[in-house]
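Q: Here is how the chains run, residue by residue.
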Amino acid sequence: MSKNNGKSVVLVCDDSVLVRSMMRDLMQNEGGVGEVLEARDGLEAVALYREHRPDLVFMDIVMPQKNGLEALTEIRGYDRAARVVMASSTGTHKNLKAAIDAGACDFIQKPFEKEVVLDILHRHLEGAWE
Amino acid sequence: MLSRLFGQFLLQEQLVTASQLARAFVLMEETRPLLGVLAMAGGQMTPEQVKEVHEAQKRSDRRFGQIAVEKGYLSVEALETLLSQQQSRHLLLGQILIEKGIFSSEGFLKALEAYREASGLSAASYTAFDREDIDGIVASLFTGQGGGQELLENYVALFVRNVIRFVDPGVAIDPLADAAPSGLPAFRQVFSGDRDLTSLLSGETAVLLDLARRYSHLELPTFDETAEAAVGEFLNLVNGLFTVNCSDIGIELDMSPPEPVGIKDPLRRRKPAVIAPLRLPEGILRVSLIG
Numbered sequence: 001m002s003k004n005n006g007k008s009v010v011l012v013c014d015d016s017v018l019v020r021s022m023m024r025d026l027m028q029n030e031g032g033v034g035e036v037l038e039a040r041d042g043l044e045a046v047a048l049y050r051e052h053r054p055d056l057v058f059m060d061i062v063m064p065q066k067n068g069l070e071a072l073t074e075i076r077g078y079d080r081a082a083r084v085v086m087a088s089s090t091g092t093h094k095n096l097k098a099a100i101d102a103g104a105c106d107f108i109q110k111p112f113e114k115e116v117v118l119d120i121l122h123r124h125l126e127g128a129w130e
Numbered sequence: 131m132l133s134r135l136f137g138q139f140l141l142q143e144q145l146v147t148a149s150q151l152a153r154a155f156v157l158m159e160e161t162r163p164l165l166g167v168l169a170m171a172g173g174q175m176t177p178e179q180v181k182e183v184h185e186a187q188k189r190s191d192r193r194f195g196q197i198a199v200e201k202g203y204l205s206v207e208a209l210e211t212l213l214s215q216q217q218s219r220h221l222l223l224g225q226i227l228i229e230k231g232i233f234s235s236e237g238f239l240k241a242l243e244a245y246r247e248a249s250g251l252s253a254a255s256y257t258a259f260d261r262e263d264i265d266g267i268v269a270s271l272f273t274g275q276g277g278g279q280e281l282l283e284n285y286v287a288l289f290v291r292n293v294i295r296f297v298d299p300g301v302a303i304d305p306l307a308d309a310a311p312s313g314l315p316a317f318r319q320v321f322s323g324d325r326d327l328t329s330l331l332s333g334e335t336a337v338l339l340d341l342a343r344r345y346s347h348l349e350l351p352t353f354d355e356t357a358e359a360a361v362g363e364f365l366n367l368v369n370g371l372f373t374v375n376c377s378d379i380g381i382e383l384d385m386s387p388p389e390p391v392g393i394k395d396p397l398r399r400r401k402p403a404v405i406a407p408l409r410l411p412e413g414i415l416r417v418s419l420i421g
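Sequences listed follow chains A and B, in order. Under the numbering used here, think of the first position of the first sequence as 1, with each following residue one higher. Under the numbering used here, think of the first position of the second sequence as 131, with each following residue one higher.
Everything labelled a hint here was simulated from the structure, so no lab data went into it. Where is the CB? At the ideal position from N, CA and C, for every residue including glycine. Any given hint might turn out to be false.
[Stated by the list, open to error] Some residues of chain A that are not near chain B, with every Cβ distance over 10 Å (derived):
| # | residue |
| --- | --- |
| 1 | A47 |
| 2 | M63 |
| 3 | D79 |
[As the list claims (entries may be wrong)] Partial selection, computed: residues in chain B whose CB lies under 10 Å from chain A:
| # | residue |
| --- | --- |
| 4 | A152 |
| 5 | Q319 |
| 6 | A342 |
| 7 | L348 |
| 8 | P351 |
| 9 | E363 |
| 10 | M385 |
Start from the sequences, fold in the hints, and give me the full structure.
A: This is how it looks when you write it as structure tokens:
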């Protein structure tokens, strides 16, 4: 079962209101996600994670205040079971390695393809409900 | 790519009206250029010879190229080259304008020569534009600027490819665009790491709004927060891919988030290492890299 009373909760962390809005629409309309939380930077992401313990996190890398790799490290330090998918346009070897080392469970390259996001939801949320 | 620039030139020179040009662009989707137009534009045949072959075609069921070769106006090799050039879009535009009686054959040739002269394109650049060879076009922008421009060329070519892919397949680098006027809305994203670079994207609000709409597939009635985010996200997308390309050749770059830039920002007064004017339907979008 999900940690959130059977309702899947996903946190989308991206400084772009456009990306957050598109991800929210996709997840709620086609991904069957119960609740989508939104964070504009790494600081907000860490705070929202601590408060809600979402089933899955989509985390941009390039963000103000605290970048996605720093937020990932902090979230995983708080919850070793956290499932965080890095979602960025900058999939360099350096960033991929840093994301894997910090415990990211997946990486998707921007711009997002709908099918890829839905596939990730399917794979990782199924795991959350076991 | 050249068809839009040539069309813009004809419009600016008042050789065609906006509605004539719009109708011609619609017809272009359904037509391909005739060998006679290609042969005239390439200087292989005169307008008189083309007319003579057309007259001969009316009397016999033979192809243009076959008759032109028989009459000795074209060699077989020249014919083969012309056949391979039938994808040429700007010559197709000329052909349609001739067919619609807006231009005579001679008038079209004059306009084409005037455009070639005004654009200042070398023969190699002209060919690159005509074949929509992005790398060749971008390289022509840097001609005479010395070496060490490879990274900048790669950036501009990557930017153009992504405009083609996500915004407008008909985008053109416009060698005739005026110098950037000051005070235009702009967005920037800063690179750090192995190189200190700043990318800057600027244009009239209508151009940026059009880019935002096309990229986001949203209606976006005004240039609001979502439109700003769409422009920023597009810049972020291209720049992210640039960091990946750089990483592949051993140059590691980090990026700051994209952000709107104030008119008085000191960076805007620094001379860019490269500035590429891209012609979109609403006007010119300028991409710069400041290093």
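Q: Check each numbered hint from earlier against the structure, then list the numbers of those it violates in ascending order.
A: Numbers 2, 4, 8, in rising order.
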